[in-house]
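Protein chains: 2
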Amino acid sequence: MRHAGGTGELAVLLWQRALDPQAGAWSLPGGLLHEDEDLTTSARRQLAEKVDVQEVSHLEQLSVFSDPRRVPGPRTIASTFLGLVPLPADPQLPPDTAWHPVSALPEMAFDHGTVVRHARTRLAAKLSYTNIAFGLAPDEFSMSTLREIYCAALGYQVDATNLQRVLGRRGVLTPTGNTAPSGRTGGRPAALYRFTDSTLRVTDEFAALRPPS
Amino acid sequence: MRHAGGTGELAVLLWQRALDPQAGAWSLPGGLLHEDEDLTTSARRQLAEKVDVQEVSHLEQLSVFSDPRRVPGPRTIASTFLGLVPLPADPQLPPDTAWHPVSALPEMAFDHGTVVRHARTRLAAKLSYTNIAFGLAPDEFSMSTLREIYCAALGYQVDATNLQRVLGRRGVLTPTGNTAPSGRTGGRPAALYRFTDSTLRVTDEFAALRPPS
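Taken in order, these protein sequences are the chains called W and D.
When we follow the working numbering, the leftmost residue of the first sequence carries the number 1, and every step to the right adds one.
When we follow the working numbering, the leftmost residue of the second sequence carries the number 1001, and every step to the right adds one.
For the record, the hints were derived by calculation from the structure and aren't laboratory data.
Careful: at least some of the hints might be erroneous.
A few chain D positions that, by computed beta-carbon distances, are all more than 12 Å from chain W [what the hints assert, rightly or not]: (1) A1018; (2) V1051; (3) S1057; (4) P1068; (5) E1107; (6) A1109; (7) D1139; (8) E1140; (9) S1144; (10) T1145; (11) T1196.
Below, computed lysine to any residue pairings styled on SDA-like, alpha-carbon distance capped at 20 Å [unchecked claim]: (12) D:K1126 to W:R201; (13) D:K1126 to W:P91; (14) W:K126 to D:R1170; (15) D:K1126 to W:K50; (16) D:K1126 to W:Q61; (17) W:K50 to W:P91; (18) W:K126 to W:L200; (19) W:K126 to D:R1122; (20) W:K126 to D:E1060; (21) D:K1126 to W:L62; (22) D:K1126 to D:R1165; (23) D:K1050 to D:P1095; (24) D:K1126 to W:T130; (25) W:K126 to D:S1063; (26) W:K126 to D:H1118.
Quick caveat, the model's predicted, so the values are computed rather than measured.
Don't be surprised by glycine CBs; every beta carbon is placed ideally from N, CA and C.
Looking at chain W on its own, in the form it has when it is part of the complex (with noise of 0.2 Å):
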């Protein structure tokens, strides 16, 4: 998933299926396991050689789904993975592949749609305890970048300044020292911040519950 420049929504990679069963609708990147990989080094690959995704920010195990009846033949089960690109990376597509925004799916292979959900879902969690927009983030970014970028990946519409506080007090977000260019508007330089962690962690500890430091 990632944050579309553009639309301004978060956005999800599929491809079309060319042929039956379920031509026409649209299906996540995937494919099999091979004998020498495990899933994290498969799922890259498949982003790789299937949709030429290489810039990977973030990438982690979601659900199994396993319900004997998910795809029509042998027995699939597909053991997911919410993968993260950032701002302002817009990878090259092949022609059968686009972005489609989360709100709004187009008719999805099998159980597809369950999939992107769960994802958007566990995302939107995260947002709320863990640094994970640095996935979604540019490098360096304004605060008004950051509050679009939560507005979209939690589909409802956030304030800056609480955002700004809350990151800050937890040490999310570090200023670089630099400022973007007045928009149209005029007005004072908005200053810039980067990530201070580029892995993800638990931002929200349960503070009485800390480990003794």
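Based on these hints, arrange chain D on the given structure of chain W.
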């Protein structure tokens, strides 16, 4: 996993392998997925059939372990689960099966030690932003019992007053109106509580990011 009443430790249920490979080493309960069941159904079946555990208060998927060399012989992918057994349940166990303190595991088969440490880390993390302790606690408990459960699961001491304050503020606990009989030291009878919910929920949402109500 459960909170072992006697030793007051977080304990994991293991069975000792009678045959090679790795005869004598201890394994997590598990087995092969049947053609007609999904993974969650299978996990509950294995617990009931193999170690006779019926009373599981919470069951959630953990990681999938998929290193091609994780076990000898044909490739086997392990989809792992965290299952919690509440106090005071103490299921009858088959003779080759026993609860072991998570902090002092015996010689473990294959990568099962890694799986247990992973499960414990997940449980400790979830204690800080969810109500997952409902899965370990009895129906009704004093704050002092709940504190013991948290200390054992986290592996370090926490303060009962802080615990009560934080869980109270989050609406996680509900007073039952009952009190525990006074202990040997006399003093005021302890108030008893229950968990408000008996299914998992994130209790520590990012206040600034809450959906509009």
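* Violated hints - listed by number, lowest first -> 4, 13 and 15
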